[in-house]
Amino acid sequence: MSAVIDRVLEAPPAPGSWRRAGTEKAAPASFPVRTAEGFWLTGVLATVAWAALGLLTVFWPNKAVGFSDWAYTDEFGIAAIAVGALLLAVALLGSRAGRVARVLRPAGPWLVALPVLFAIWEIATAKLALLPTPFFAPPQSLVETYIDDWRRLGESLLHSARLLAHGFVLGALAGFLTGVTIGWSRIAGYWVHPVLRFVGPVPASALLPLAFFFFPSSYAAAVFLIALATGFPVAVLTWSGVAGVNRNYYDVARTMGASERFLVLRVAIPAALPQVFVGLFMGLGAAFSVLVTAEMMGVKAGLGFYLSWAQGWASYSNMYAALIVMAVLCSGLITLLFKVRDRVLSWQKGTVKW
1 MSAVIDRVLE APPAPGSWRR AGTEKAAPAS FPVRTAEGFW LTGVLATVAW
51 AALGLLTVFW PNKAVGFSDW AYTDEFGIAA IAVGALLLAV ALLGSRAGRV
101 ARVLRPAGPW LVALPVLFAI WEIATAKLAL LPTPFFAPPQ SLVETYIDDW
151 RRLGESLLHS ARLLAHGFVL GALAGFLTGV TIGWSRIAGY WVHPVLRFVG
201 PVPASALLPL AFFFFPSSYA AAVFLIALAT GFPVAVLTWS GVAGVNRNYY
251 DVARTMGASE RFLVLRVAIP AALPQVFVGL FMGLGAAFSV LVTAEMMGVK
301 AGLGFYLSWA QGWASYSNMY AALIVMAVLC SGLITLLFKV RDRVLSWQKG
351 TVKW
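Its first residue numbered 1, the sequence shown is counted upward by one per residue in my numbering.
Don't take each hint at face value.
Stated by the list, open to error - Per label pair, the in silico range of CB-to-CB distance:
1) R343 / A314: 43 to 51 angstroms
2) A124 / D74: 13 to 21 angstroms
3) G312 / A165: 23 to 31 angstroms
4) P216 / P109: 47 to 55 angstroms
5) L337 / N246: 38 to 46 angstroms
Simulated from the structure, these hints should not be mistaken for laboratory data. Cβ atoms here follow ideal geometry from the backbone N, Cα and C, with glycine treated the same way.
Could you put the whole structure together from the sequences, leaning on the hints where they help?
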């Protein structure tokens, strides 16, 4: 038993094991650290899935129901096979694929699941016609929409992005200033806080008729509604963040001669920034929902208007294409806001959990 214990004590510690502080030693030259990633098994599975999707799409004839065959069927199948070939190359190259491998490897399970979902969708619509047309269309119908109607979709995307930017920025600024004011000043909190609690919970879309009546244009009314939907969560969470700042911070700053302005700008606001960004995330979601509603009801441009137009003409493939563009836009804005938050709050990492 003592011999076994001696061998264990003499053996080098396992990678990742804890060591006592001050006893770390450099790894011997005879133990090289492996940094390159080898064969990617999930990538091979994804290759098989995408190739099967492509072969299924190309060689299984479509079942036409009351109209001609679906366009871009062969092109969709060939594109799926091409994606499979790309994934196979990345899987075989391993670490030599460089940045492409580092981006694709974490998404491996999704790269397997997506072609399976596409295959189920393709079989249920184009191949067997289990889902009724024109309410349900196969994946290649989206390809047709993006190729044939990209200009109208692009213009709608630009209109929606401009309207969302105007309303969100104005609402975020108004909500931030309101939250700081009622969080710092008791007098302002006494007068503004009840109004905020009374008006804020009312859905902005419920005020749509009043906004279109009082504002000179439908665009201005939509900007106001988006700003209102954004401003309420930003104001509430900013107020909560400012009011919840530890009083010891203020006491320390005052002992060093800090003015009221310094306390607001350099103590209260930085300490409340994590709460402010939570409000911005919530306001972005609310603003996006109001954006779509306003465009469908009054604004004659944008993704919401495009969606309403597609529904009116029973062009459901265009409707699905617009929904996907909306999802990509919202997801992209949330990702961008995450990056801004990480950059602004980089000095708080390690002390604030998010």
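Hint-by-hint comparison with the structure:
1. For R343 paired with A314, a C-beta distance near 46 angstroms keeps the hint of 43 to 51 angstroms intact.
2. Look at A124 against D74: about 20 angstroms separates their beta carbons, and that is inside 13 to 21 angstroms.
3. For the pair G312 and A165, the beta carbons lie near 27 angstroms from each other, so the given range of 23 to 31 angstroms is met.
4. Taking 47 to 55 angstroms as the suggested C-beta distance range, the pair P216 and P109 conforms, at roughly 52 angstroms.
5. Under the hint 38 to 46 angstroms, the C-beta atoms of L337 and N246, about 26 angstroms apart, miss the expected range.
The structure shown violates just one earlier hint, number 5.
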